[in-house]
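Chains as they are written, first to last, in the numbering used here: chain D, 20 to 255; chain L, 1406 to 1666.
Some hints could be false.
[To be verified] Some chain L residues judged to face chain D by a derived CB distance under 10 angstroms, without partners named:
1) Gln1419
2) Arg1440
3) Met1448
4) Arg1455
5) Gly1483
6) Pro1601
7) Thr1662
[What the hints assert, rightly or not] Under the rule of at most 20 angstroms between Cα atoms (straight-line distance), these lysine to aspartate or glutamate pairs were calculated in the EDC-like manner:
8) Lys186(D) x Glu1454(L)
9) Lys186(D) x Glu85(D)
10) Lys237(D) x Glu1657(L)
11) Lys186(D) x Asp1480(L)
12) Lys186(D) x Asp103(D)
13) Lys186(D) x Asp77(D)
14) Lys186(D) x Asp134(D)
15) Lys237(D) x Glu227(D)
16) Lys237(D) x Asp1656(L)
17) Lys186(D) x Glu109(D)
FYI, nobody ran anything at the bench for these hints, they're computed from the structure. By construction, the Cβ of each residue, glycine as well, lies at the ideal position given by its N, Cα and C atoms.
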Amino acid sequence: MLGLQTQRVMQRRMDVAANNLANVSTTGFKADGLLLEEADRTAAHAEEDPREIRFVRDVGIVHYMEQGPIAMTGNPLDVALEGDGFFMVEGPNGPLFTRDGAFTLTGDGRLVTSDGRAVLSSGGAPIVLDPQGESPSIGRDGAIRVAGVEAGRIGVASFAAPGALSKVGDNLWDAQGQAQGEFGGVVLQGALEGSNVRPVVELTRLIEISRAYQSAAKIVSGADELRQRAIQQLGR
Amino acid sequence: MRALSIAASGMQAQQLNVDVISHNIANMNTTSYKRQRAEFQDMLYQNLERPGSTSSASGGVLPLGIQLGVGVRADAVGRVTEQGGIAATGNPYDIAINGRGYFQITMPSGQTGYTRAGNLAVNADGQIVTADGYPLEPAITVPAEATAIQITRDGVVEVTLAGQTDPQQIGQLEIASFINPAGLEGIGDNLFLETPASGTATTATPGSPGLGTLMQGYLELSNVNAVEEISALIVAQRAYEMNARVITAADEMLQSTTQLR
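So that you can see chain D by itself, here it is in the shape it has in the complex (with noise of 0.2 angstroms):
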């Protein structure tokens, strides 16, 4: 029983550790990680003889919320966030956060993300530009101006714990009802951050785990054995 669950949280760790180095080129991407704790359980037959069994069991997932590399891109809608914050773009109910700055304008002028989400803008409403301006400048406050006017500030939304976000796919995170905070970073325009997934650590995990996971199957083949040997030994 104990190394059947450890294969099965190993298992689990396992996809953890696959969907990290599958998204290390995902513009914004933040790594997961498998929350294990140590669980005790008083065996069945505890009466006479009270015995303790420890075994591990996952209790969440935990996003590393630390800063990725920016890389400059040369694009003038792409923009990176340096420090805790997300762009706050138009989801189904109400917005939703990403750190993906692939941004690019719709024909009608709408900044939009590179799935087609209307951007937000710090009030909240889609940011639109004129169509026949020249190219966008973007500050480092998110303002942005064409040929010197301000057309409008994208929106940045800052969490008191970045973490307990959850991910809804396509770079997309959901506030879960936590109050958005004042930005205190910078908006970095022609460059977007990338993934930050170490591929050692998760390299170095991968090892780890398929060995524990290979201990594991040893200790559940041993249980089998010795369960064989006293069938044999009693039923003679």
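Knowing the structure of chain D, use the given hints to seat chain L on it.
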């Protein structure tokens, strides 16, 4: 075991990444080529234990849930419309656009195509055409007795005729601009078509506010940076290998499971 399909999605993404990088490297010397870039997104998350759900009868709430990601997917291959370098060629029919804008081309289908490749020429009828023989829009015909052609920065085309000293204006070039040039559809041959994503073309004379100017005797080079592409190739290849390593590890785990009995 999700790890197998997750790693497969990672390998697929890196394969696409290498495809895009190799296309960029192949077009390193293509006139006015704009490099492309693959964008990736994490796929949906599976909630095994939803954060915030009740954990005990006394009303305890799980502060963290278990959300497992199921891999990566490519969501866009975008074009970086940065200005390419400009090289002198000495050919009077080579025109580079320095700044925003596209030449308009009448394609054989009657549709208007857009290009920044200014390696123009004159055909047998005296019409100014692209290297593929498609006429410029508005059409400009160079008289047969012209001895020299001058194209100004703002697109005025003048010719000097044999036996005359004063140049004569024969046309005015116009360039088109788009709110979102990255949204144009590339159809090969350095040509682009308008799409709903690019917005409609606004045409004006070169040098108008927000538009580029023309440079006769120059060509715009590709904006591919070899060093950047090669280092991106290394990163993509290593990322591919790492995902392959996950598949091996997951396979080993499955193997030890099947060997239980």
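### Task
Take a quick look at whether Lys186(D) and Asp134(D) sit within 20 angstroms of each other, Cα to Cα.
Holds. Lys186(D) to Asp134(D) sits at ~16 angstroms (cutoff 20 angstroms).
### Task
Compare the distance between the alpha carbons of Lys186(D) and Asp77(D) with 20 angstroms, and conclude whether the hinted pair is satisfied.
holds, 18 angstroms
### Query
Should the hint that Met1448(L) touches chain D count as held when the rule is a Cβ pair under 10 angstroms?
holds, 6 angstroms
### Message
Please check whether Gly1483(L) passes as an interface residue: C-beta within 10 angstroms of a C-beta belonging to chain D.
### Response
holds, 7 angstroms
#### Entry: Pro1601(L) as chain D interface residue, shortest Cβ-Cβ below 10 angstroms
With a minimum Cβ separation of about 5 angstroms from chain D (threshold 10 angstroms), the hint on Pro1601(L) holds.
### Task
Double-check Arg1455(L) for me: the hint is only fine if its C-beta lies closer than 10 angstroms to a C-beta in chain D.
Holds: closest Cβ of chain D sits about 9 angstroms from Arg1455(L), inside 10 angstroms.
### Task
With a cut-off of 20 angstroms on the C-alpha distance, tell me whether Lys186(D) and Glu85(D) pass.
holds, 16 angstroms
### Pair hint outcome, Lys237(D) versus Glu1657(L) [Cα-Cα no greater than 20 angstroms]
This hinted pair holds, its Cα atoms lying about 14 angstroms apart.
### Query
Is Lys186(D) close enough to Glu1454(L), meaning Cα to Cα at most 20 angstroms?
Roughly 13 angstroms between the alpha carbons, so the hint for Lys186(D) and Glu1454(L) holds.
### Query
Within a Cα-Cα threshold of 20 angstroms, do Lys186(D) and Asp1480(L) meet the stated pairing?
Roughly 17 angstroms between the alpha carbons, so the hint for Lys186(D) and Asp1480(L) holds.
### Task
For the pair we were handed, Lys186(D) and Asp103(D), check the Cα-Cα distance against 20 angstroms.
holds, 16 angstroms
### Message
Hint validation: Arg1440(L) versus chain D, beta carbon distance must be below 10 angstroms. Holds or violated?
### Response
This interface hint holds because 9 angstroms falls under the 10 angstroms limit.
Hint compliance for this structure: every hint is met.
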